[in-house]
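Engineer: Heads up: the sequence shown is residues 8 to 259, going by the working numbering.
Hints were generated in silico from the structure; no laboratory data involved. Be aware that one or more of the hints could be misleading.
Once the Cα atoms are required to be at most 30 Å apart in a straight line, the calculated DSS-like pairs of lysine-lysine come out as [what the hints assert, rightly or not]:
(1) Lys216 with Lys168
(2) Lys27 with Lys62
(3) Lys151 with Lys168
(4) Lys151 with Lys216
(5) Lys62 with Lys216
(6) Lys27 with Lys16
(7) Lys62 with Lys16
(8) Lys195 with Lys151
(9) Lys195 with Lys216
(10) Lys168 with Lys195
It should be emphasised that the depicted structure is a prediction, and the values quoted were computed from it without experimental measurement.
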Amino acid sequence: MENGFLYRKFQRPENRHYEKTLCITESLRHQVLSAAHDTNLAGHAGFRKTLATIKSEFSWPGLSTDTLSFVRSCHICQVKAPIGRDKPAPFQTMPIISETFSRVVIDLVGPLPVSSNRYEYILTVVDVATRFADAVPLRSITAKNVGENLFSIFTRLGFPKQVQSDQGTQFMSQLFRELSILSGFEHKISTAFHPETNAYVERFHGTLKTMLRKLSHERPSDWDRYLCAALFAYRTQVHSSTGFSPFFLLFR
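Could you put the whole structure together from the sequences, leaning on the hints where they help?
Structural biologist: Below you can see the structure in the form of structure tokens.
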């Protein structure tokens, strides 16, 4: 008990330090569930990611059961979610990350239904080390437009040492080669014989498109307006391959 609030104190197997979570009364549990799942910044994540989000801060008896029931009863998720189950995201030891944004994978999503702002594509960038992702909507995917937007992303996140992409014409152009020289990164090409090298970004694309469908369900032609909210939700949720959220690994 601290300052009139009841906390649960525990120690994870992989962590020597004690952690604590706030115990939530029954009258407040629905609000917590809704905040962790229904809001735009939560992104209508699946059961396991929603549960991980809540368990990082709160506790109550039957939390897992309540979360599963809440997510399964979400009408938006029932209508917009892809077929299949989300993979578990177990807690793992902290990965060793010597340098963030040293190696990134870039790709394009689309064509998508044209938005009211005439956007039809999304340019994505995923950091291999932390799985942190950024994305911007595009009206066209000319080499010039892709290059300018990629440069803009790099000025915010930092310039990587290595950029990996598929063999799309935008990434094989002379303009892109000039961008790599100007920015000082090595450009590596994924081949058809090694598709797993772009697996990071393909999985992110699936997550991003699902979130956008759910968030824009009332106004699907405005999907680009929800891109920032979807990115925030993705960055703050535990990633299945690391056991931590991209935000946590980036700002730890």
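Engineer: Determine which of the earlier numbered hints do not hold for this structure and return their numbers in increasing order.
Structural biologist: none
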